[in-house]
Amino acid sequence: MMLPTASKKETSAGAGWGRVETRSFQLPKPHRLRGGAVLAEPVVAYETYGKLSPGKDNAVLICHALSGDAHVAGFHAGEDKPGWWDRMIGPGRAFDTDRFFVVCSNVLGGCRGSTGPASLDPATGKPYGLKFPLVTIADMVDVQKRLIDFLGIKKLLAVAGGSMGGMQVLQWGVSYPESVAALIPIAAAARHTALQIAFNEVGRQAVMSDPDWRGGDYYGRKAPARGLALARMVGHITYLSEKSMERKFGRLRRRKANGRGFTEEFEVEGYLRFKGGHFVKRFDANTYLYLTRAIDHFDLSAERPLVEVFRALSRHRLLAIAFSSDWLYPPVQSKEIVKAAKLNGADVTYCEITADYGHDAFLLEDVEQSRVISRFLEVTYRKNT
Amino acid sequence: MRPREIKPPSRVDNQIIASLIPPGSRVLDLGCGEGDLLDLLVREKNVSASGVEIDEEAIYKCVEKGLSVSRLDIDSGLDDYPDGFFDFVIFNQVLEQILYPRRALLQGLRVGRKAVVGFPNFCHFSIRRKIMFKGRVPVTPVLPYSWYDSPNLHFLSIKDFLEFCRAENIQIEKKFFLADGRRIRFLPNLRAQKAILLLNRP
Chain F
0 MMLPTASKKE TSAGAGWGRV ETRSFQLPKP HRLRGGAVLA EPVVAYETYG KLSPGKDNAV
60 LICHALSGDA HVAGFHAGED KPGWWDRMIG PGRAFDTDRF FVVCSNVLGG CRGSTGPASL
120 DPATGKPYGL KFPLVTIADM VDVQKRLIDF LGIKKLLAVA GGSMGGMQVL QWGVSYPESV
180 AALIPIAAAA RHTALQIAFN EVGRQAVMSD PDWRGGDYYG RKAPARGLAL ARMVGHITYL
240 SEKSMERKFG RLRRRKANGR GFTEEFEVEG YLRFKGGHFV KRFDANTYLY LTRAIDHFDL
300 SAERPLVEVF RALSRHRLLA IAFSSDWLYP PVQSKEIVKA AKLNGADVTY CEITADYGHD
360 AFLLEDVEQS RVISRFLEVT YRKNT
Chain G
0 MRPREIKPPS RVDNQIIASL IPPGSRVLDL GCGEGDLLDL LVREKNVSAS GVEIDEEAIY
60 KCVEKGLSVS RLDIDSGLDD YPDGFFDFVI FNQVLEQILY PRRALLQGLR VGRKAVVGFP
120 NFCHFSIRRK IMFKGRVPVT PVLPYSWYDS PNLHFLSIKD FLEFCRAENI QIEKKFFLAD
180 GRRIRFLPNL RAQKAILLLN RP
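Top to bottom, those sequences are chains F and G. For the record, in the first sequence the residue sitting at position 57 is 56 according to numbering that gives the first Met the number 0, with numbers rising by one throughout. For the record, in the second sequence the residue sitting at position 191 is 190 according to numbering that gives the first Met the number 0, with numbers rising by one throughout.
Bound conformation, chain F alone (with noise of 0.2 Å):
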């Protein structure tokens, strides 16, 4: 069996954070979403790192992407894999902890902890399941906004993330500009295409035809488990590339394949069902519905051009990362997203990394993100202080 780490390289710098534990604050009140819904009594997980400043001026939070969680980076009790983004960030690493207060919380939708269609609804005791309103990328940013209030920061330093991570850190510019300095959206998009759109749709369409589903009042019962790993299949596929792909597998059988029928042959079948064996035990189908669905809502450009509804950004600073084999969420979406900020007169970087990974190079390549994120953040704090 390939494990999920096979490809990754060493740490690119310093030791990593160590013990860290997930927390959960709740909404002090009830939280109204942007379509109108009110959550009663919603829960926001988050994990943080370093020390905030007497200026609480270092601030920094991160997004994470459809499948991650407020454990971004160290180790919790008992547990020898690190945070999913660990390489990224810790004393001496592209977020330096040393220097920055890192904050990073489960998207409201989903199932790390933050309320969800998972969560029990108070007016009935029972888990919500598609009872639970739909939300948008504005709404986890709202909520992230309510965290960052709690924790006593006026202003972040810088809000970074990437894939739907991405798309928040574009939604904090525009929802709270005058709470953000400093804009690092990495592989992401102002606005989800048609073929983006229609790959989410495929994996909704695996979970709900999942006979367990049961229009996804399953709590308790047996989970979507088929469905659901499906739907990661297809997903895994997009997040890698063609090249990836084949230096990784190529045409590599399974040591037992006997190429007779349709049991586990190529290497790359084994992978894909152990990354959907894998999802689905930490990940919840009704979940996976809601985040794709608000991924697919979200369009910055529905109502005025790019350009115009990142008015506010004049002041800002914007590192835009793109890689060159990412097909999924390619290059020219983040240019777009360069083009829109530099004609506001935004302070604009763009790097588009050259690397073979794919979409998943986000997580992967570790080595040149760092190297730019640590500077760019350098910079932005000196100018910001």
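Hint data in this document are derived by calculation from the structure and do not stem from the laboratory. Beta carbons are placed, not taken as given, at the ideal position from N, Cα and C, and that holds for glycine. Treat the hints with care, since some could be wrong.
As the list claims (entries may be wrong) - Stretches of chain F that chain G covers, calculated by requiring three or more beta carbons in the stretch to come under 8 Å of a beta carbon on chain G:
(1) 127-137
(2) 351-358
(3) 369-379
The hints should help you fit chain G onto chain F, whose structure is shown.
Positioned in the frame of chain F, the structure of chain G alone reads:
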């Protein structure tokens, strides 16, 4: 994206260009390489600087200098800006490497109120002599490449460029002709290895 050869920084060129740019200007450096000129402009002229460069490693070097740069193609990157968005657009040692120099220059003079252009003079007498007596395209310190691995797509003389400016109604505000790092005025098309010009459109 085409590969691009990054030329070593020239202090003389950079100092001349910096002398043309008033403090606090908004500057776009096209083909900014590793950012030595932009760095000088930021430190000494406090300009609002951005750069465009196609070479990945050069982009990282720029970011390490604290500069704001974008990895983009010059041939396609200018159309989006409105007229006069920048005070200065700089084309230093880059016109000879881009696909459509005329188009880029005219766009540069549209999005910038003024443009600074620096290029090697292909009709310097040492080049003429080598072509005349050796019958070969010369490899010189200013044009140090053999034909088969040169990043340079276009070769032009000072005379060619001045004629181009006349034809396109581009005004030349200042001219600097350099021979061995010193400014010369007499017979530049024969004696100068490089030219730096400050341009605008009336």
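These are the hints, each one checked on the structure:
no.	hint	in the structure
1	127-137	violated (count 0)
2	351-358	holds (count 3)
3	369-379	holds (count 6)
Violated hint: 1 only; the structure is consistent with all others.
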